Amino acid sequence: SQTIHQWPATLVQPVGSPLSLECTVEGTSNPNLYWYRQAAGRGLQLLFYSVGIGQISSEVPQNLSASRPQDRQFILSSKKLLLSDSGFYLCAWSVSGAYGEQFFGPGTRLTVL
Amino acid sequence: AQSVAQPEDQVNVAEGNPLTVKCTYSVSGNPYLFWYVQYPNRGLQFLLKYITGDNLVKGSYGFEAEFNKSQTSFHLKKPSALVSDSALYFCAVRAIHNNDMRFGAGTRLTVKP
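One line per chain: the protein sequences are X and L, in this order.
Numbering of the first sequence is given in this note's numbering, commencing with residue 12 and proceeding in unit increments.
Numbering of the second sequence is given in this note's numbering, commencing with residue 21 and proceeding in unit increments.
Rather than coming from a laboratory, the hints here were simulated on the basis of the structure.
Careful: at least some of the hints might be erroneous.
Covered stretches of chain L (in silico footprint by chain X; criterion: 3 or more residues with CB under 8 Å from a CB of chain X, positions within the stretch not fixed) [said to hold, decoys possible]:
1. 30-40
2. 123-133
Some chain X residues well away from chain L (every beta-carbon gap over 10 Å; in silico) [what the hints assert, rightly or not]:
3. 17
4. 22
5. 26
6. 27
7. 31
8. 35
9. 39
10. 55
11. 79
12. 80
13. 101
14. 113
15. 123
Quick caveat, the model's predicted, so the values are computed rather than measured.
By construction, the Cβ of each residue, glycine as well, lies at the ideal position given by its N, Cα and C atoms.
So that you can see chain X by itself, here it is in the shape it has in the complex (with noise of 0.2 Å):
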């Protein structure tokens, strides 16, 4: 069976400092990947999502990067975190080239103080 793995579980950065979260998924091959970032306990925003390896696409402007470097490991960076990214990093895989549900890690608790 297929599973999906964050880390790290909650982070604490100060303002300014740089950022790193890693997601891998298990069990399957080629899936689609994908970064959310939910605020408030509340709606999802859709950050970026790769189609395969070094292939990225990117949602919304901001400081943050995505990197694929291996096909089951999807990595969220930035290099000056921002008060504002503060939120609930939340990591997804689907089947590649078919249309249906995202399943979802555990997600990233992460505070910018």
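Chain X is already provided as a structure; the job is to place chain L on it using the hints.
For chain L alone, kept in the frame of chain X given last:
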């Protein structure tokens, strides 16, 4: 572009009573529709989906949803609510030829004993 509206921020029901969480959508062409549930500080869990076929879709934990094309709705229902159903519920839509999924703002369901 596709979008989803969840008109109720909060739904309160008594345990044992039926529950309905409302969702309407907008999409070009035929939609793929989904319901997810989120417990505090957790990722989203997939409940059910409508792709094609029978308008009444049955999912996990006794939930079901009815697709109504004329009203562009996909309401989530359960005949008898449990206290453990208390959570945040998200409706989502994706168009057939589109890779990304759009989520509603979420509805917080509280089931009181």
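Hints, one by one, checked against the model:
1. As drawn, the segment 30-40 of chain L meets chain X at 0 residues by the rule of a beta-carbon pair under 8 Å; below three, the given contact is violated.
2. Under a criterion of three residues with beta carbons nearer than 8 Å to beta carbons of chain X, the stated coverage of the segment 123-133 of chain L is upheld, 4 such residues being counted.
3. The Cβ of residue 17 of chain X sits about 8 Å from the closest Cβ of chain L, inside the 10 Å cut-off, so the non-interface label is violated.
4. For residue 22 of chain X, the requirement that its beta carbon stay farther than 10 Å from each beta carbon of chain L is met, with the minimum near 13 Å.
5. For residue 26 of chain X, the requirement that its beta carbon stay farther than 10 Å from each beta carbon of chain L is met, with the minimum near 23 Å.
6. At roughly 26 Å from the closest C-beta of chain L, the C-beta of residue 27 of chain X stays outside 10 Å, upholding its exclusion from the interface.
7. Distance check on residue 31 of chain X: its Cβ is at least 19 Å (rounded) from any Cβ of chain L, clearing the 10 Å threshold; non-interface status holds.
8. At roughly 14 Å from the closest C-beta of chain L, the C-beta of residue 35 of chain X stays outside 10 Å, upholding its exclusion from the interface.
9. Every CB of chain L lies more than 10 Å from the CB of residue 39 of chain X, the least distance being 15 Å, so the non-interface label holds.
10. Look at residue 55 of chain X: its CB is around 4 Å from the nearest CB on chain L, not clear of 10 Å, so calling it non-interface is violated.
11. Every C-beta of chain L lies more than 10 Å from that of residue 79 of chain X, the closest at about 14 Å, which supports listing it as non-interface.
12. Every CB of chain L is more than 10 Å from the CB of residue 80 of chain X (nearest about 21 Å), matching its label as outside the interface.
13. The non-interface label for residue 101 of chain X is inconsistent with chain L: the shortest C-beta to C-beta separation is roughly 6 Å, within 10 Å.
14. Remark: the non-interface label on residue 113 of chain X conflicts with the geometry, its nearest Cβ contact in chain L lying 6 Å away (cut-off 10 Å).
15. The beta carbon of residue 123 of chain X is kept farther than 10 Å from every beta carbon of chain L, the shortest such distance being approximately 18 Å.
In summary, the structure is inconsistent with hints 1, 3, 10, 13 and 14 from the numbered list given earlier, while agreeing with the others.
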